[in-house]
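Novice: Build out the structure end to end from the sequences listed, making use of the hints.
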Amino acid sequence: MALYAPGMRVLIRDAEWVIRRVDPTSDGGLQLTCHGISELVREHEALFLTKLEQRIEVLDPTKTTLVADTSPAFQNALLYIESLLRRRAVNDENIHIAHQGAMDVVDYQLDPALQALRQPRQRILIADAVGLGKTLEAGILVSELIHRGRGKRLLVLTQKSMLTQFQKEFWNRFSIPLTRLDSVGLQRVRNRIPSNHNPFYYYDKSIISTDTLKQDSEYRVYLEQAYWDIIIIDECHNVADRGSGSQRTRLARLLATRSDTLILLSATPHDGRAKSFASLMNMLDPTAISDDENYVKDDFSSKGLVIRRFKKDIQHQVTGSFKERKVFKAQHEAGWQEENAYDALLAIAFSRGGEASNPRQTALLRVTLQKALFSSPAACIQSTQERIKRLQRDYPGKAAAEAEIGGLRELLAALASITP
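Numbering (this note's numbering), first residue to last: 727 to 1146.
Bear in mind the hints are in silico, worked out from the structure with no lab data behind them.
The structure presented is a predicted model; accordingly, all values stated were derived computationally and were not measured.
We put the CB at the ideal spot given by N, CA and C, even for glycine.
Please note: incorrect hints may appear among the correct ones.
With a Cα cut of at most 27 Å, we get these calculated BS3-like pairs of lysine-lysine [unchecked claim]: (1) Lys886 with Lys931; (2) Lys1029 with Lys878; (3) Lys886 with Lys940.
Computed spacing ranges between beta-carbons, pair by pair [unchecked claim]: (4) Asp1069 with Ala1104: 17 to 27 Å; (5) Ala815 with Arg739: 21 to 31 Å; (6) Pro787 with Ser1016: 47 to 57 Å; (7) Arg976 with Leu773: 24 to 34 Å; (8) Asp753 with Pro787: 22 to 32 Å; (9) Pro1085 with Arg979: 38 to 48 Å; (10) Gln941 with Gln891: 21 to 31 Å; (11) Gln941 with Thr983: 13 to 23 Å; (12) Pro903 with Gln941: 19 to 29 Å; (13) Gln1041 with His923: 48 to 58 Å; (14) His923 with Ser764: 20 to 30 Å.
Specialist: Here it is in structure tokens:
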């Protein structure tokens, strides 16, 4: 039997690999854990069984053919050496490439990355105030981890309304491509791959809505079998444990175990309840807080899990960048058209379930239309039309519903008379 050892280069199935690990198998052969080198398999991992492979050729380094570089001023050799230098893994705590992103570098933006890089595993809650650039700070840390070879697979969870903005920020500033997925996209991936394959391995870097992944019956088995280098949870206060055991909380707890690096982002991580904030800390480090109902800041502050700054804390670094907010109160008397519309709204006899009801039971409906009216006549018109459609669909012929529809139509007529 041929001898194999980690570090050897082998030719298997017309592709070049480097052996990372050699393990014996029960049939007397060997299992080779290999890392791809040639173009088609580069950066891919594969397992090969020596008993099953027809041909495994060990590449002898003594037979390497040296070829002279005939390019002007040895440009090809210099470019090759430069590419190797750029691909080398660094293990220090310094910022190497993130400051080269498309941004105006300010020292405070580098602090979360520097704090995380000092830890054995980069797990951190970035809780800076609104407007300080938490997405930017997360991108700096991710860029540094990718440069260190620890960011090949990346998963970002955020709210549906923030998917596009987060995706653009990472691409425009750091050239990190995120594939946007939803339930339809995941189903499309599942249709393309064999049924026993995991759809979360199809794309290395993806961004998904939290509400899409929280469905246990759909994705939990796949998530339990997938692993990422980095997971980012944006607006993480939405996944904190508030005692109800929500689907979002269960999802976050599961994902906290499926990556080496976990980055949580939130401007409001603490809702005033000790248990809620402790759940976020324990996602980062299960040993961070032993008693989630009784703890103080000193119990976890020394572990480097949290960084939180306000504008006043970094004002000296960004003089003139943050303008003070000035509030001006403007008063304007309502015209007769607005008064008529408001009177028409107050005169509506709202129904409940198609039947007449106590005004207290329908107060929410009235308040909803009042808020829409105070927002704009157009918003109130849309809300009123939706209410009419719902009553006509669900309670046709009901006297109380017909009476409410009549009042709503009078409101529509009054709203139509309001001019800019």
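Novice: Hint by hint, which ones does this structure get wrong, listed from lowest number up?
Specialist: none
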